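Spelled out from the first residue to the last, the chains are:
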Amino acid sequence: MSATVASRELPFARWLALTTTGFVAFFGVWWAVAMSGLVLPQFLPTPLAVLEKFVSLTQAPFVGYTLQRHLASSFGRFALGFGLAVAIGVPLGLLMGWFRTLDAVVTPLFDALRFVAPIAWVPFAALWFGTGIGGPVLIIFSGAFPPCLINAYRGARYVEPRFLEAAQTLGASHWQIITEVLLPASVPSIVAGLRIGAGLGWQSLVGAELIVASSGIGYLLVKGQASISTAIVMSGMIAIGIVGFAIDALLRRVERQINRRRGL
Amino acid sequence: MARSHERRPVWVGVVTFVALATAWYALTTLTHTIGSGRFPSPAETWDALRQITLTGYADARLAEHVLHSVKLVLLGFAAAAIVGVPLGLAMGASRAFEAFVNPAFLLIRPIPPLAWIPLAIVWLGLGDAAKVLIIWFAAFVPALINSYSGVRAIEPYLIEASRMLGVQRTMYAREVMIPGALPMIFTGLRLSLQACWTTLVAGELIGAIAGLGHVLYQASLDIFPAMIVVGMAAVAITGAVMTMALGWVERRAMPWRRG
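Just so you know, the sequences run in chain order A and B. Each residue of the first sequence is one higher than the last, beginning at 178 in our numbering. Each residue of the second sequence is one higher than the last, beginning at 44 in our numbering.
Honestly, the hints are just simulated from the structure, not real lab data. Some clues are possibly wrong.
Covered stretches of chain B, going by a simulated chain A footprint (3 or more residues, C-beta under 8 Å) [to be verified]:
(1) 59-70
(2) 159-168
(3) 237-248
(4) 268-274
(5) 292-299
Anything over 12 Å on all C-beta distances counts as not near chain A; from chain B, calculated [claimed, not checked]:
(6) W89
(7) P156
(8) A253
Here are the simulated distance ranges between beta carbons [said to hold, decoys possible]:
(9) B/Q211 x A/R191: 57 to 65 Å
(10) A/E186 x B/L117: 37 to 45 Å
(11) A/F340 x B/Q211: 46 to 54 Å
(12) B/A276 x A/I310: 24 to 32 Å
(13) B/L97 x A/R291: 24 to 32 Å
(14) A/P238 x B/E107: 54 to 62 Å
(15) A/L217 x B/R152: 24 to 32 Å
(16) A/L347 x B/P129: 53 to 61 Å
(17) B/L110 x A/E342: 49 to 57 Å
(18) A/T243 x B/D90: 47 to 55 Å
This one's a predicted model, so the numbers in the text were calculated from it and none came from an experiment. Ideal Cβ positions, reconstructed from N, Cα and C, are used throughout, including at glycine.
Use the sequences and the hints to build the structure in full.
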């Protein structure tokens, strides 16, 4: 009887059958709606048409560049904004974890600013930087910075007090405590923060490019929208999904390796 | 957090804000180091705030813009919670259902909510329907994932005990599964709400006729930095208030977790 409460592992064959059915159902429903004639192909192309568009975008330029070039320019901005967020957020978080005064000064400011959604910086990004690279970088930074800082800070605050006491007893300087005790002890927390930050940064980038950019994957989406081509918009969404997924998978791997090396 | 026993001195924070406000006033009003085309002075910001609350800006007063945005967020959020939470619970409760739904979910999940905006505009235009759709997408994924994880995180001994006692499905769901998953469900809803708010502001920045994002857009077109600051502050405060309200609901829904 199936009324028992707990769920058990499925046999592999059954799992495979259900998963395949799930895939087929997803694309089947999409395809059926697209072919039914209820919706114009302009608004809902078939999965195959989207795939064709995706391939053709990688060969023929759309709004100036091919899909790869758009992605490359997006990724360059992402790397810059995320790199800045890490380079400032992680050291600042560690310092705040060690120096109480700095913590007391920065935390209220940070808490106040954190409630401003990254995307709300767009008007200032446009005002200060025009359509240059600075605008998207500022927005990615504001998306990726908080998790970098918070996780470095928490990592530093949760270090076992006896390590700190031991280091202090042995006469370690502030610099030594930060670089040789706090930093290594916080690495797992920092890496987790980087993963969250990278995800938020990538999302913010897409948002920024929808509004202030003249190249990049978000720009491709907007132009696809303007020419009412759902196939282009969907191709762009797929590319965004793939890159976002790849960034996350990469950092997840780094995280796992670090944790394994530490025997966690 | 671990620092509850060792509180940060409040006065340092107050001093920081006072110092910052002084610096703001000095740099913009006294020395004009920062031109008013780049960042507004306190007086300009105050005037912009008065203008939008009293006479209105971008076709409406501040309260109307806020209400418009909040209404859309709550609508999309509620729709996403109504679909996402039960779906997540069902996926957590049944491996077969999970195996069936997971493929579609895996395909949709890596696409950030903001990337749905152009599609929503193509499909539904610049009106409120498109906004509700993207808010729904923003909230759906975290609501579902956390409900699912909440069910999976229920202690096995609770499941075994209820099985031993011969508890049937509906009772198990009502007495064990839902209360057990509730903390995670609320974590998901909190994340959902934040995602909703960000997404809505982005959606309104890209194309809208009212709302706080529209205020930001209009201010940036008019090169009106003071109004941008007012808009950003309104976005931040409204978001914070909504998050706090959800926290209040959370404490109400789980009285056993208090203290």
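Supplied distance hint 24 to 32 Å, evaluated on CB atoms of A/L217 and B/R152:
Because 28 Å falls inside the window, the suggested range holds.
At a Cβ distance under 8 Å, does chain A reach at least three residues of the region 59-70 of chain B?
holds (count 3)
Holds or violated: 46 to 54 Å for the Cβ distance of A/F340 and B/Q211?
For B/Q211 against A/F340, whose Cβ atoms are near 52 Å apart, the range 46 to 54 Å holds.
Taking beta carbons only, do three or more residues of the region 237-248 of chain B come closer than 8 Å to chain A?
holds (count 5)
Given a hint of 54 to 62 Å, does the C-beta separation of A/P238 and B/E107 actually sit inside it?
Between A/P238 and B/E107, where Cβ atoms are some 44 Å apart, the hint is violated.
Within 47 to 55 Å or not, the Cβ separation of A/T243 and B/D90?
For B/D90 against A/T243, whose Cβ atoms are near 48 Å apart, the range 47 to 55 Å holds.
Verify the CB-CB distance for A/E186 and B/L117 against the hinted window 37 to 45 Å.
holds, 39 Å
Has the hinted range 49 to 57 Å been met by the Cβ atoms of B/L110 and A/E342?
This hint holds: roughly 55 Å between Cβ atoms.
Please verify the coverage claim for the region 292-299 of chain B: does it have three or more residues whose C-beta sits within 8 Å of some C-beta in chain A?
violated (count 0)
Hey, is B/P156 genuinely clear of chain A, shortest beta carbon separation above 12 Å?
violated, 7 Å
Can the suggested window of 24 to 32 Å be confirmed for the beta-carbon pair B/L97 and A/R291?
holds, 30 Å
Could you check that no beta carbon of chain A comes within 12 Å of the beta carbon of B/A253?
Check passes; 16 Å lies beyond 12 Å.
Comparing the model with each earlier hint shows violations of hints 5, 7, 9, 14; every other hint is respected.
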